[in-house]
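Whenever a hint applies, use it, and build me the whole structure from the sequences.
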Amino acid sequence: MNVVRWGMIGCGSVTERKSGPAFYKAPGSALVAVMGRRLEAVADYAARHGIARVYTDADALINDPEVDAVYIATPPDSHHAYSLQVAAAGKHCCVEKPMSLNAGQSREMQKAFVEAGLHLFVSYYRRSLPRFQQVRQWLGEGRIGDVRHLTWTLTKAPSSSDLGGTDNWRTDPAIAGGGYFADLASHGFDLFQYLLGDIVEVSGFTAHQAGLYAAEDAVSASWRFASGALGMGCWNFVADRREDRVEVIGSQGRISFSVFDEHPVQLEADEHLSLHIEHHEHIQWHHVLGMNAHIRGEAQHPALAEQALKTDWVMDQILKRG
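Residue numbers (my numbering): 21 to 342.
Don't take each hint at face value.
Each pair of labels, with its calculated beta carbon distance range [stated by the list, open to error]:
hint	residue 1	residue 2	range
1	290	340	36 to 46 Å
2	187	67	19 to 29 Å
3	60	340	36 to 46 Å
4	221	187	16 to 26 Å
5	292	64	21 to 31 Å
6	290	72	48 to 58 Å
7	290	101	45 to 55 Å
8	263	156	21 to 31 Å
Mimicking BS3-like on lysine-lysine, the simulated pairs with C-alpha atoms at most 30 Å apart in a straight line are [what the hints assert, rightly or not]:
hint	residue 1	residue 2
9	38	330
10	340	176
11	38	131
12	330	176
13	340	131
14	176	38
15	340	330
16	131	330
If you're looking for bench data, these hints aren't it; they were derived computationally from the structure.
Predicted, not measured: the structure shown is a model, and the values here were computed from it.
Glycine included, each C-beta is placed from N, C-alpha and C at the ideal position.
This is the structure:
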């Protein structure tokens, strides 16, 4: 399979620049079909991105014989059903993160693809970004000694739409599996386990401090990695300002970085380094290259469902969801 031909379900904002163009621009990749519920919107998307075929029915796209793999770019409440359809059709799949509404759904998804002998990926693309590969290299080289602790603070002020009560699927637990925490913290927990190993114990607290929407707006948690290193986090989405800072404390130094903001990655050890490593124009570029290489049997991609399940378990424990 020299070129992996992808079909895409959903054409929302994440696909405009972050993901969609990577699927048709990356070497060895093609985006041949796109599906959306509103014909006018999906036809417009296809015209602007040069995609040949348009569907308003997901089953039709999934069963298109010219589609080798399906990218599900819809909110989490639809990932379970769509992915099971993809597995039944005998095709590889990538779902946006979070993988589903809870670990139970995600296990069913992963099991279906294993039994079908197919690959299921999750868009935890930070595993593939050069900036975090640099962090992983420093850790692997033992630049800060033994890792002792990780802390992450992620805060932001409420948006105008939050304050105005505008409909937002990201703050509807029935659609998102939680609020901004489920949407954003999942990226961090997946990244931390990629960098530092599995989280084996976790507990947390949630609150509705401002009461602007149904989901939690404040979360705190603490956890333990299998290595013995500890972690703690604070996420508040009704705070005074935006902050995104991770600090990894070691026995001989520290590493700091942001999960989302493009601040420099910093090493404070035997030498002090501050490296500004820019993202690709299409941030899922490396993720798409990795999936295609994995499908062709050329390399092992790190963002597989079996890894994403670990983050789902962590999120379930903190949010106390089933």
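Okay, the hints, checked on the actual structure:
1. 290 <-> 340: 36 to 46 Å: Holds - the Cβ-Cβ distance for residue 290 and residue 340, about 43 Å, lies within 36 to 46 Å.
2. 187 <-> 67: 19 to 29 Å: Distance hint for residue 187, residue 67 holds at roughly 27 Å.
3. 60 <-> 340: 36 to 46 Å: 41 Å, holds
4. 221 <-> 187: 16 to 26 Å: 37 Å, violated
5. 292 <-> 64: 21 to 31 Å: 49 Å, violated
6. 290 <-> 72: 48 to 58 Å: Since residue 290 and residue 72 have Cβ atoms about 55 Å apart, the given range 48 to 58 Å holds.
7. 290 <-> 101: 45 to 55 Å: 52 Å, holds
8. 263 <-> 156: 21 to 31 Å: This hint holds: roughly 24 Å between Cβ atoms.
9. 38 <-> 330: 24 Å, holds
10. 340 <-> 176: This hinted pair holds, its Cα atoms lying about 23 Å apart.
11. 38 <-> 131: With a Cα-Cα distance of about 28 Å, the restraint between residue 38 and residue 131 holds, given a limit of 30 Å.
12. 330 <-> 176: Holds: residue 330 and residue 176 sit about 26 Å apart, inside 30 Å.
13. 340 <-> 131: 23 Å, holds
14. 176 <-> 38: 22 Å, holds
15. 340 <-> 330: Measuring from Cα to Cα gives roughly 15 Å; hence the hint holds.
16. 131 <-> 330: Holds. Residue 131 to residue 330 sits at ~14 Å (cutoff 30 Å).
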